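Enquirer: Residues per chain, in single letters:
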Amino acid sequence: SQKIEQNSEALNIQEGKTATLTCNYTNYSPAYLQWYRQDPGRGPVFLLLIRENEKEKRKERLKVTFDTTLKQSLFHITASQPADSATYLCALESGGGNKLTFGTGTQLKVEL
Amino acid sequence: DARVTQTPRHKVTEMGQEVTMRCQPILGHNTVFWYRQTMMQGLELLAYFRNRAPLDDSGMPKDRFSAEMPDATLATLKIQPSEPRDSAVYFCASGSQEQPQHFGDGTRLSIL
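Sequence lines, in order, name chains V and Z. So the first sequence is numbered by this note's numbering: it starts at 94 and just counts up by one. So the second sequence is numbered by this note's numbering: it starts at 3 and just counts up by one.
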């Protein structure tokens, strides 16, 4: 069966460190993968998109990698700040157009 | 900054009542999605439309849920009759082909 797995436990890190979040999937062949941020009481907000033929994408302090052999994406936040505390969702293209299937998300807490 | 607008933001009603949730997508976006988010299941796709035509509603319980787009500026999701297990946050999102989805801030629904 198809499955998207993200760290189910919350990730606590110290301010200034690099946060690394993992998204693993099975039985998908996505043309692209996206990462979203969700704050309490708000809808998800798009952060980055990476295509199947791209290994890495960067945007400011964010970096995403995509390994279609391992069926894994890693999401990194460098020089993390308390304002980065949120839930981060990965989403896989799953059926053409821009239909997405979302993982359950990882809650990140950046502490002073 | 263009936004997806959802109304109402909160709804509390008794089981058996009809519930209607509304969404105004971003002007120019041709695809509209309805999602449901719960702690247990995460973010699940219920239905989506392209150019106002329903493309996929396989995620939606057909006997009680219905989704429509009466015009390009309005999408609706109805539940009739509502049940306690329908309690969740319902999100609408809009986008265009292979572009990121823009989410509203959701309708928090509680069925007593």
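Honestly, the hints are just simulated from the structure, not real lab data. Remember, it's a predicted structure, so these values are computed and weren't measured experimentally. All residues carry an ideal CB built from backbone N, CA and C; glycine is no exception. Please note that the accuracy of each hint is not assured.
[As the list claims (entries may be wrong)] Derived Cβ-Cβ restraints for the label pairs, each shown as a range: (1) V:Pro-175 - Z:Thr-9: 45 to 51 Å; (2) Z:Thr-9 - V:Leu-205: 33 to 39 Å; (3) Z:Gln-43 - V:Ser-122: 35 to 41 Å; (4) V:Glu-108 - Z:Glu-16: 35 to 41 Å; (5) V:Gly-134 - Z:Thr-15: 17 to 23 Å; (6) Z:Met-41 - V:Thr-115: 42 to 48 Å.
Enquirer: Compare the structure with each hint and give your call.
Expert: Each hint tested on the structure:
1. V:Pro-175 - Z:Thr-9: 45 to 51 Å: 32 Å, violated
2. Z:Thr-9 - V:Leu-205: 33 to 39 Å: At roughly 38 Å between Cβ atoms, Leu-205 of chain V and Thr-9 of chain Z fall inside 33 to 39 Å, so the hint holds.
3. Z:Gln-43 - V:Ser-122: 35 to 41 Å: At roughly 23 Å between Cβ atoms, Ser-122 of chain V and Gln-43 of chain Z fall outside 35 to 41 Å, so the hint is violated.
4. V:Glu-108 - Z:Glu-16: 35 to 41 Å: 46 Å, violated
5. V:Gly-134 - Z:Thr-15: 17 to 23 Å: Given range 17 to 23 Å: holds, Cβ gap about 20 Å.
6. Z:Met-41 - V:Thr-115: 42 to 48 Å: 20 Å, violated
Hints 1, 3, 4 and 6 from the earlier list are contradicted by this structure; the remaining hints agree with it.
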